[in-house]
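Keeping their order, the protein sequence lines are chains A and B.
Taking the working numbering as reference, the numbering of the first sequence is continuous, increasing by one, and the terminal residue is 146.
Taking the working numbering as reference, the numbering of the second sequence is continuous, increasing by one, and the terminal residue is 288.
Because the hints were derived from the structure by calculation, they are not lab data.
Check the hints yourself; a few may be wrong.
Taking lysine-lysine and the BS3-like style, the derived pairs with C-alpha atoms no more than 30 Å apart in a straight line are [what the hints assert, rightly or not]:
(1) Lys-89(A) x Lys-178(B)
(2) Lys-267(B) x Lys-89(A)
(3) Lys-89(A) x Lys-206(B)
(4) Lys-238(B) x Lys-178(B)
(5) Lys-138(A) x Lys-89(A)
(6) Lys-178(B) x Lys-64(A)
(7) Lys-64(A) x Lys-238(B)
(8) Lys-267(B) x Lys-138(A)
(9) Lys-89(A) x Lys-213(B)
(10) Lys-267(B) x Lys-213(B)
(11) Lys-213(B) x Lys-265(B)
(12) Lys-265(B) x Lys-138(A)
(13) Lys-214(B) x Lys-267(B)
(14) Lys-89(A) x Lys-214(B)
(15) Lys-214(B) x Lys-265(B)
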Amino acid sequence: MSVAPWLFSSLLAVLLWGVSMFLPKLAIRRLPALHMTIYSYSIFMLGAVVLQGFYGFHIDFDSKGVLLAVLVGVLGAVAQIIYNTSLSKSTLAYNVVITSLYPAVATLLAFVILGETLTSRQVAGIILGICSLILMVKASDQKTES
Amino acid sequence: MIKKLKASALFAPLTALLLWGLWAFLPKLAMKQSMEPHSVIFYEALGGWCSILPLLFYIKEPLVRDKKAVGIIFCGTSFSLVAILCYYTALKIGPVATVSTITAMYPVIVVALAWIFLKEKMNGRQFVAAAMAMVAIYLLAG
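Can you make the complete structure from the sequences, with help from the hints?
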């Protein structure tokens, strides 16, 4: 049985992300959301510099690539600020389930910009994702009302 | 007022969803410019750090120093950094849709941890919604 070489990296990312998305809920009880984001990104910057050490401080430079990567950082930071603020007001499960549907956005962007094929199965996934989002919001509203 | 509050409760995670969708997609374009994953992480960190710096002036108060909380954030951010490196490495050689979809299965772990350690419980409809979201993600891997 052959396993795609990227599968191990993907599965390790799932595990580490799972834990890293859980931990902020513990920290948010002791720190304001914005303070948490500042700490988080400062540690991330420090970690990114340390990581370069493992690669002999060889940092590629391509003006377009750098611009895109910086944009990734900006978008991620804005998303993190919004997420942390939301996390201090509602449950972890509510926030995590809704934001976990980001692959639907990434899939649509890959289809529109990169021309990657969009299968009928993926279209069904996007529709089901939207339905789950609506149901999650309605179910959470009901819980709040009751 | 209550309606506004509900709208804002949805607005935040939805905006994060859209931004993270872009966040998940754009590295593929950056790596198409022959950049290695670790380099993308460096510039990403730089971009993110520069974006949050203005917050220091906005909050106008000294940062709360809570050793336990900072320690927790340190662990979370370190895990996140390694997760991003794994994600970009997979993204460089695998298709965007499949890789971003598999990695988006992390809520299963988060919900389980929230249930075990925070005693967060989901009602029946929330559980169905979460299951539907996971099936949707599975289908997206198409």
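Structure-based check of each hint:
{"no.": "1", "hint": "Lys-89(A) x Lys-178(B)", "in the structure": "violated (39 Å)"}
{"no.": "2", "hint": "Lys-267(B) x Lys-89(A)", "in the structure": "holds (16 Å)"}
{"no.": "3", "hint": "Lys-89(A) x Lys-206(B)", "in the structure": "holds (22 Å)"}
{"no.": "4", "hint": "Lys-238(B) x Lys-178(B)", "in the structure": "holds (8 Å)"}
{"no.": "5", "hint": "Lys-138(A) x Lys-89(A)", "in the structure": "holds (17 Å)"}
{"no.": "6", "hint": "Lys-178(B) x Lys-64(A)", "in the structure": "holds (10 Å)"}
{"no.": "7", "hint": "Lys-64(A) x Lys-238(B)", "in the structure": "holds (17 Å)"}
{"no.": "8", "hint": "Lys-267(B) x Lys-138(A)", "in the structure": "holds (16 Å)"}
{"no.": "9", "hint": "Lys-89(A) x Lys-213(B)", "in the structure": "holds (23 Å)"}
{"no.": "10", "hint": "Lys-267(B) x Lys-213(B)", "in the structure": "holds (29 Å)"}
{"no.": "11", "hint": "Lys-213(B) x Lys-265(B)", "in the structure": "holds (24 Å)"}
{"no.": "12", "hint": "Lys-265(B) x Lys-138(A)", "in the structure": "holds (22 Å)"}
{"no.": "13", "hint": "Lys-214(B) x Lys-267(B)", "in the structure": "holds (25 Å)"}
{"no.": "14", "hint": "Lys-89(A) x Lys-214(B)", "in the structure": "holds (21 Å)"}
{"no.": "15", "hint": "Lys-214(B) x Lys-265(B)", "in the structure": "holds (21 Å)"}
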